[in-house]
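Asker: Top line first, the protein sequences correspond to chains A and B.
All residue numbers for the first sequence refer to my numbering, where the first residue is 2 and numbers rise by one.
All residue numbers for the second sequence refer to my numbering, where the first residue is 7 and numbers rise by one.
Hints listed in this document are in silico derivations from the structure and should not be mistaken for laboratory results.
Built from N, CA and C at the ideal position, the CB exists for glycine as well.
Hints are not guaranteed to be accurate.
DMTMM-like mimics (lysine to aspartate or glutamate), calculated; alpha carbons at most 25 angstroms apart, straight line [to be verified]:
no., chain 1, residue 1, chain 2, residue 2
1, A, Lys94, B, Glu275
2, A, Lys20, A, Asp110
3, A, Lys115, B, Glu275
4, B, Lys319, A, Asp85
5, B, Lys11, B, Asp236
6, B, Lys230, A, Asp85
7, A, Lys94, B, Asp125
8, B, Lys60, B, Asp325
9, B, Lys11, B, Asp404
10, A, Lys94, B, Asp264
11, A, Lys50, B, Asp125
12, A, Lys117, B, Asp201
13, A, Lys50, A, Glu8
14, A, Lys94, A, Glu40
15, A, Lys117, B, Asp231
16, B, Lys11, B, Asp201
17, A, Lys117, B, Glu226
18, B, Lys313, B, Glu226
19, B, Lys8, B, Asp150
20, A, Lys20, B, Asp231
Simulated coverage check for chain B against chain A, where a stretch passes if three residues somewhere in it have a Cβ under 8 angstroms from a Cβ of chain A [claimed, not checked]:
no., segment
21, 180-191
22, 196-207
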Amino acid sequence: MSVAKIELFYVAHSRTGDKGDSQTMSLIPYRAEDYALVERQVTADAVRKHFGKLVRGNVTRYELPNLGAFNFVLEETLQGGVNDSLNLDTHGKTRSAVLLAMLMEVPDDHPAFKTKAALSSPLP
Amino acid sequence: MKTRKAGAIRIGGGSGFSNDRADAALELVERGDIDVLMLETLAERTLALLQVAKRKGGSGYWDSLAGRFEVLLPAMAKHGTKFVTNAGGAAPEACARMIARLARERGITMKVAAVIGDDVTELVRASDPVLVETREPVSKLGTDIICTNAYLGADAIAAAYAAGADVIVTGRVTDSALALGPIMATLGWQADDKDAMACGVLAGHLLECGGQATGGYFAEPGLKDVPDVDRIGFPIAEIRDDRSITITKPPGSGGRIDRHTITEQILYEMHDPAAYLTPDIALDVTGLDLAESGENEVRLTGARGHKRPDTLKVLIGVDSGVLAEIEISYAGLNCEARARLAADIIARRAARDPMLGNQTIQYDLIGVSSAWPGETGHNVRDVRLRVAARVPDQAAADRLITEVESLYVNGPAGGGGVRIASRPTIRTYTTFVPREKVTPRWAFVEA
C-alpha cells in the first residue's frame, strides 16, 4: 500500500458561517476513523496556506473529538465583512467549497477513491 | 406549566429568515405535535431596513408576514400551539397589535404580548461607548445613526410566557432566546443554573435556522444526499427536564437528521466551541454527547454553561451608500478574453470619471452554460462579467450603470443580457453596554 492524493471533499464535509469579517467553517469527516488523518493534515497552518491571500488574519482550529468534528475560524477574510464587501457572495457562504478543494494524502486503498470514481460531473 | 409531554417541552423552528418557506412552519403546527412555534425573522441588517421604512411612515415590521400569520394563527389556535417570534423588528408593540387584530378578526382568543427594551438609542447616545470596528466612540462616526439595538436575552420572554402569553413578539433578541424563554418558563429553569441555560441555548441554536438542522443547506449530490429535499421538514426540539434535547421533524416530511446534519448546525457561526457567547450563557459544546437515537432522530446531552457576559452586544446601523451591481454575458470561443476586455474598458473609463475615479470597483467572471440553455453537450461556455461598487449616492451608481450598459454598443463583440441592480445599503457597527443599564420589559397588548 502506498500513499495517494485526494481532495478533502471526498473525506469530509463543511458548512461556512460568518461573523463580521471572520468566517467559521466546520469540518466533519464522513467516517469517524478518518478523524486522526484529518487532524494531522488539515492544520490551521495548512488551511491558511490553502486560502492564501483570501485570509489576512489568524486561522484558529478547534478540535471536537466528542463530535468527530473540527471548527475553523478564519479572520479578516471577507473584505471587511458584509458591510464593505463587493463580492457576489458577501457572506462568503460558498467558501466551504474552497476549503474542501484542499488536497490531502491518504492510503491509496482509501474508500474516498471509490466515491470519487462514482461521481461524474454532469457538465463537460 | 402544562405541555404535551410531562417534564418536556416541544418547540418547532419555523423559519431561518424572514422570507423562509411558509409550508414548513404550517407543517410543524399541524403535524409536529409542538407546544411552541418559534419564528426567527430578523437578520443583522433587517432591523435597520425596517427602521428606515418606519421613518418614512412604514409599520416598522415586515408587513408581508401578516399573510403568513393569517394562515398560522387558526392552525395554532386549533392545535393549542404557542408562538414566539422576533418579527416585531423596529415596532414590536405594533406588530403584536397587528397579530392580536388578525386573531380577533378570525374569532380566535389569544393573549398577545410584546417584549421591548432592545432599543438602546438613548443609552448609547449618553454613554458614547467605543465601537469594535473603529476603536473610537460612537459620536466620532459623524453619520446619521439609523438604529441602535441591544441583543436581549430570554428573561422577558420567559416572564411573558409564564404569565400565560399565547403569542410573544419581540424586536432584537438573541435568536436562541426565542426558545430559551419558553423552556425556562415551562421547566422552571432559573437563569443561574448554568448547564440548564446552556441546554436551552443549544436547543434554540439548533432551531433558529429552520431547515438547516434537518438536511437543508447540506445536500451534495452523490455524496451527501438528502431524501425528499424539495419538502424538508423543519426541526422539532424536545427539551426534557433531564437536560437532554431530542431533535426530530414532522412525520413523513423530507430531510435528514443524523450526526452529520446536526453537527454542521451545532458548529454553524460558532467561534470558540467552549464559549459560544449569548446574553444568557456562554455555551460550551466540547463535552456534548451526540447519539443517533432513532431514524431521523438525534439526542444531545452534556451541554455545559459558563458565566454569561457582563455586557450586552449592541448593533448600530448607519447609512452606507448605494450598492450598484451590473452584469453582462459573453459566450463561445474566446468569451473570457472579451469579458476581460469589457472589464478593462469600464476600468479605464471609470478612472477618467470624476464621480467614479475614487471608487473601488470589483470585476467578477461568472459562468457555465447559460448561452445554450438546456444543452450541455455543446462546448459553448459563457462568461458573465459582474461589475460591483458601493458608491456614495444614486447619481454615482447611475453613472456606473451607464458605463456598463454602454458595453452593448461600445464594448467587445457579442455582449448580452445586461441586468442592473442598485439599492441603498446599511452598515452595522458593534459595541457593548453594561447589562444592568438595559431593561427588557414585556406587556400584553390589545388589538
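Asker: Taking the hints in turn, state whether each one holds.
Answerer: A quick look at each hint next to the structure:
1. For the given pair, Lys94 (chain A) sits about 11 angstroms from Glu275 (chain B) by alpha-carbon distance, which is consistent with the 25 angstroms threshold.
2. In summary, the hint linking Lys20 (chain A) to Asp110 (chain A) is not supported, as the alpha carbons are separated by about 39 angstroms, beyond the 25 angstroms threshold.
3. Distance hint between Lys115 (chain A) and Glu275 (chain B) is unfulfilled; the C-alpha atoms sit about 32 angstroms from each other, more than 25 angstroms.
4. Between Lys319 (chain B) and Asp85 (chain A) the alpha-carbon distance is near 21 angstroms, which keeps this suggested pair within the 25 angstroms criterion.
5. Between Lys11 (chain B) and Asp236 (chain B) the CA atoms are separated by roughly 31 angstroms; this puts the pair beyond 25 angstroms, and the hint is violated.
6. Distance check on the hinted pair: Lys230 (chain B) and Asp85 (chain A) sit about 33 angstroms apart at the alpha-carbon level, beyond 25 angstroms; violated.
7. Taken as a hint, the Lys94 (chain A) and Asp125 (chain B) pair is broken in the structure, with Cα atoms around 30 angstroms apart against an allowance of 25 angstroms.
8. Restraint check: the Cα-Cα separation between Lys60 (chain B) and Asp325 (chain B) comes to about 15 angstroms, which is no more than 25 angstroms; the hinted pair holds.
9. At most 25 angstroms may separate the alpha-carbon atoms for a hinted pair to count; Lys11 (chain B) and Asp404 (chain B) exceed this at roughly 59 angstroms.
10. A hinted pair counts as satisfied when its Cα atoms are at most 25 angstroms apart, and Lys94 (chain A) with Asp264 (chain B) qualifies at roughly 22 angstroms.
11. Restraint check for Lys50 (chain A) and Asp125 (chain B): not satisfied, since their Cα atoms lie roughly 43 angstroms apart, outside the 25 angstroms limit.
12. In summary, the hint linking Lys117 (chain A) to Asp201 (chain B) is not supported, as the alpha carbons are separated by about 43 angstroms, beyond the 25 angstroms threshold.
13. Proposed proximity of Lys50 (chain A) and Glu8 (chain A) is supported: the alpha carbons are some 15 angstroms apart, at most 25 angstroms.
14. At roughly 23 angstroms between alpha-carbon atoms, Lys94 (chain A) and Glu40 (chain A) fall within 25 angstroms of each other, so this suggested pair holds.
15. Taking the CA atoms of Lys117 (chain A) and Asp231 (chain B), the gap is near 15 angstroms; set against the 25 angstroms cutoff, the hint holds.
16. Restraint check: the Cα-Cα separation between Lys11 (chain B) and Asp201 (chain B) comes to about 22 angstroms, which is no more than 25 angstroms; the hinted pair holds.
17. With a C-alpha separation of about 13 angstroms, the suggested pairing of Lys117 (chain A) with Glu226 (chain B) holds against the 25 angstroms cut-off.
18. Pair hint Lys313 (chain B) plus Glu226 (chain B) does not hold up; C-alpha atoms about 39 angstroms apart against a cutoff of 25 angstroms.
19. The straight-line distance between the Cα atoms of Lys8 (chain B) and Asp150 (chain B) is roughly 48 angstroms, outside the 25 angstroms bound, and the hint therefore fails.
20. Straight-line distance between C-alpha atoms of Lys20 (chain A) and Asp231 (chain B) comes to about 28 angstroms, which puts the hinted pair past the 25 angstroms bound.
21. Beta-carbon proximity to chain A at under 8 angstroms applies to 0 residues in the segment 180-191 of chain B; the threshold of 3 is not reached and the given coverage is violated.
22. With 0 residues bearing a CB less than 8 angstroms from a CB of chain A, the segment 196-207 of chain B misses the requirement of three and the coverage assertion fails.
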